[in-house]
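Number of protein chains: 2
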Amino acid sequence: MEAALEFIPGGTVTSAKGFSAGGTCAGIKKSPKNALDLGIIYSKAPCITAGMFTKNNMKSAHVLLCQKRLPSNAIRALVVNSGCANAGTGKQGINNALSMASSTAERLGIAAEEVLVASTGIIGKQLPIDSMVSAIKTIEVSPDGGHTLARAILTTDTVTKEAAIRAEGFTIGAIAKGSGMVHPDMGTLLCFLTTDANIEMDFCTRSLGQAVDISFNMVSIDGDNSPNDTALLMANGLSGKEVITGKSSQASLFQQALNEICIYIARAIASDGEGAGKLIEATVSSAASIADARAAARAITSSSLVKAAIHGNDPNWGRIVAAAGRSGAEMIEAKIDLNIGGICLLKDGCQLAYDRDKVVRLLKDSPVAIELNLNLGEAKATAWGCDLSPEYVTINSEYTT
Amino acid sequence: MEAALEFIPGGTVTSAKGFSAGGTCAGIKKSPKNALDLGIIYSKAPCITAGMFTKNNMKSAHVLLCQKRLPSNAIRALVVNSGCANAGTGKQGINNALSMASSTAERLGIAAEEVLVASTGIIGKQLPIDSMVSAIKTIEVSPDGGHTLARAILTTDTVTKEAAIRAEGFTIGAIAKGSGMVHPDMGTLLCFLTTDANIEMDFCTRSLGQAVDISFNMVSIDGDNSPNDTALLMANGLSGKEVITGKSSQASLFQQALNEICIYIARAIASDGEGAGKLIEATVSSAASIADARAAARAITSSSLVKAAIHGNDPNWGRIVAAAGRSGAEMIEAKIDLNIGGICLLKDGCQLAYDRDKVVRLLKDSPVAIELNLNLGEAKATAWGCDLSPEYVTINSEYTT
Chain A
0 MEAALEFIPG GTVTSAKGFS AGGTCAGIKK SPKNALDLGI IYSKAPCITA GMFTKNNMKS
60 AHVLLCQKRL PSNAIRALVV NSGCANAGTG KQGINNALSM ASSTAERLGI AAEEVLVAST
120 GIIGKQLPID SMVSAIKTIE VSPDGGHTLA RAILTTDTVT KEAAIRAEGF TIGAIAKGSG
180 MVHPDMGTLL CFLTTDANIE MDFCTRSLGQ AVDISFNMVS IDGDNSPNDT ALLMANGLSG
240 KEVITGKSSQ ASLFQQALNE ICIYIARAIA SDGEGAGKLI EATVSSAASI ADARAAARAI
300 TSSSLVKAAI HGNDPNWGRI VAAAGRSGAE MIEAKIDLNI GGICLLKDGC QLAYDRDKVV
360 RLLKDSPVAI ELNLNLGEAK ATAWGCDLSP EYVTINSEYT T
Chain B
0 MEAALEFIPG GTVTSAKGFS AGGTCAGIKK SPKNALDLGI IYSKAPCITA GMFTKNNMKS
60 AHVLLCQKRL PSNAIRALVV NSGCANAGTG KQGINNALSM ASSTAERLGI AAEEVLVAST
120 GIIGKQLPID SMVSAIKTIE VSPDGGHTLA RAILTTDTVT KEAAIRAEGF TIGAIAKGSG
180 MVHPDMGTLL CFLTTDANIE MDFCTRSLGQ AVDISFNMVS IDGDNSPNDT ALLMANGLSG
240 KEVITGKSSQ ASLFQQALNE ICIYIARAIA SDGEGAGKLI EATVSSAASI ADARAAARAI
300 TSSSLVKAAI HGNDPNWGRI VAAAGRSGAE MIEAKIDLNI GGICLLKDGC QLAYDRDKVV
360 RLLKDSPVAI ELNLNLGEAK ATAWGCDLSP EYVTINSEYT T
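Residue numbers (numbering that gives the first Met the number 0), protein chains in the order written: chain A, 0 to 400; chain B, 0 to 400.
Careful, some of the hints might be misleading.
Identical chains blur together in the list; that is why a pair holds if it fits in one copy or across any two.
[Said to hold, decoys possible] For lysine-lysine, the following PhoX-like pairs were computed, each having C-alpha atoms within a straight-line distance of at most 25 Å:
(1) K334 x K54
(2) K346 x K54
(3) K32 x K124
(4) K67 x K43
(5) K334 x K67
(6) K334 x K124
(7) K363 x K346
(8) K357 x K29
(9) K346 x K90
(10) K67 x K90
(11) K124 x K363
(12) K346 x K334
(13) K124 x K136
(14) K124 x K54
(15) K334 x K379
The set of hints was computed from the structure by calculation and includes no laboratory data.
Just chain A, with the same shape it has in the complex:
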């Protein structure tokens, strides 16, 4: 099955059949000058569309709007901006989100109800809706516009997050933005997935849920989630193949492809966390339950003390075990094995005589692999995060100023 999937070099959200995209500068971002901050994804055919959203009780206007419209079998477009979150903006925020949708619909010659909306950026400010409406009128979408849109959705990200994966019969493309305020549950601020696969609506919802659970929900940058976190899967069926349901022979191939592209993007988000120098990949195995494995893995990648130690190339294994201990996962100290970068530091809960200099050297390279074996059961989970650097604090002290 593995061989049937391949990542497309230079792939992006417009790699699947029938999708086009474009972006422009609406002046929402103050710097750099003329930065892209607004864009559109457009599908030639209506899309079966599912979404996963933040669990934060403060929800941005776009999340409220999308939750109302999804799941749907009639989505044609998405309009998205960066630089302003349109969260904490009350009724005016909702009206602005509706204006974004209707302007986009007018531009594309479709109905306003066929358009989804997304925003990311500073919380608590109103969108400069007039200049955005004017800017939307000028956006040109094209089949290779995914790269432009990938740039338009970034905030403090340093690189775009784009990928596409191809299998016999369908392609899935994706773009995302991450960086700050990234934490389970909904470990990404924004991820847009598009596919030409012909999938049925129930399967669309369930497969997105499963993929998000093992990818974005296992990413932590700083322990905060945001009012805006959103993952969307738009499927336009233009592959022309038979419809895929949960029972189809193609179902597991589609799920595998979706999982792989989501994990690829999740790793890219963690690698590019604010101020991050390296990716941390923590795998907890032989846990008593999958909930325990997930909780322990996420606690390790979320711990400020673990993240700071890894920033300093410090094999401070006690902090890793303490973080797992704090997660609530069942744990018997005398059974634990711990590897860092493939080197065993703890066996049956006892520290081994390991080559400290070698581990310090390994910690200098990204990714840093942490493997904690609880030796209690059969469950396993992987979480991703990044080191904590003084730059993270600097970036986040100065964000609105």
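Dock chain B against the given chain A, drawing on the hints supplied.
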């Protein structure tokens, strides 16, 4: 009632009748040279003693030992070291903790079972027990030795945390250490409370639980708790007054005194968080339930983004509301009021035209008071934390190296 309580200037853990303490250098801490790192609290009379301990599934040897011995009506002493946590140390760790107790008992001429043990410092290293046993033999305890012990228990703390509070009929003294790995539940690494009040065992346990709940469990430095977190209340009854039970007329006065000293110490710990420049005091009021109020207040003081914004004197109110939203507390955006430093920024969920420069100026001073009114119910809770600075990361990148 308020007037009946007063803090004793220069008060400490030996301020109550019959308690003495002392400390020495056992060479556990590597720097500075000759740093105090070992000490004893001794009571002339056996103490009714209760303890509250970390909820981390990784528990230090001393926590396991104390949990076995408490509650008790026959505790006479406590031996405590800094520089090494004696956690992640297996059987040898337990044996070393027992050796600490028996050496202390021998030194004081009491039974080993009458001695409690506590440790703080680096996880995963064995105690240098031989030099500790030798050092214990030299410790002199005295009625003003609390100040020495307060220094001996510090790790990355920059100042001692000491206080004593006096009421008609009894005195309560305390020392504590905090700084890193401080998070609910059990927001302090170590806090030792002593009193000459004549309290009954059940009331001792319950009153400590109540005080810890609204003080140490509401403090967060970095979101990590430790395998060592411990609060102990030792009551030797030497006030000679009538026994206080939950039903006594004195019960509420004692509870109030215990609450006040614990909150005083909790604030001191938060103010001295690693790399901290200022204390953050977040009060959530009119919440639907006390659980909601507590969760929202703690989420605000735990948020890396809020903490970094406050470090940068940035009135980024969106992060405060988003943190509360993430806590799971019931919240209706259109009902929220938010004050920073007494200035109202949000009313009924809408941003007011506030004097931004004035708020920036207020944010430069410690403490920073955040008041979030949910306008849903009657519950109220306060949490304490500190700003997040680049120094925090530097300190925690270099801790074991």
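Results for each hint:
1. K334 x K54: between (35 Å within a copy, 19 Å between copies)
2. K346 x K54: This pair counts as between: shortest inter-copy Cα distance 24 Å, intra-copy 38 Å.
3. K32 x K124: Only inside one copy: K32 and K124 sit 20 Å apart there, 53 Å across copies, limit 25 Å.
4. K67 x K43: within (23 Å within a copy, 70 Å between copies)
5. K334 x K67: Intra 48 Å, inter 22 Å, cutoff 25 Å: inter-copy only.
6. K334 x K124: between (51 Å within a copy, 18 Å between copies)
7. K363 x K346: within (23 Å within a copy, 48 Å between copies)
8. K357 x K29: Only across copies: K357 and K29 sit 23 Å apart there, 45 Å inside one copy, limit 25 Å.
9. K346 x K90: between (57 Å within a copy, 14 Å between copies)
10. K67 x K90: For K67 and K90, only the intra-copy Cα distance (15 Å) is at most 25 Å; the inter-copy one is 58 Å.
11. K124 x K363: between (40 Å within a copy, 23 Å between copies)
12. K346 x K334: within (8 Å within a copy, 54 Å between copies)
13. K124 x K136: within (23 Å within a copy, 65 Å between copies)
14. K124 x K54: within (21 Å within a copy, 40 Å between copies)
15. K334 x K379: For K334 and K379, only the intra-copy Cα distance (16 Å) is at most 25 Å; the inter-copy one is 43 Å.
Hint compliance for this structure: no hint is broken.
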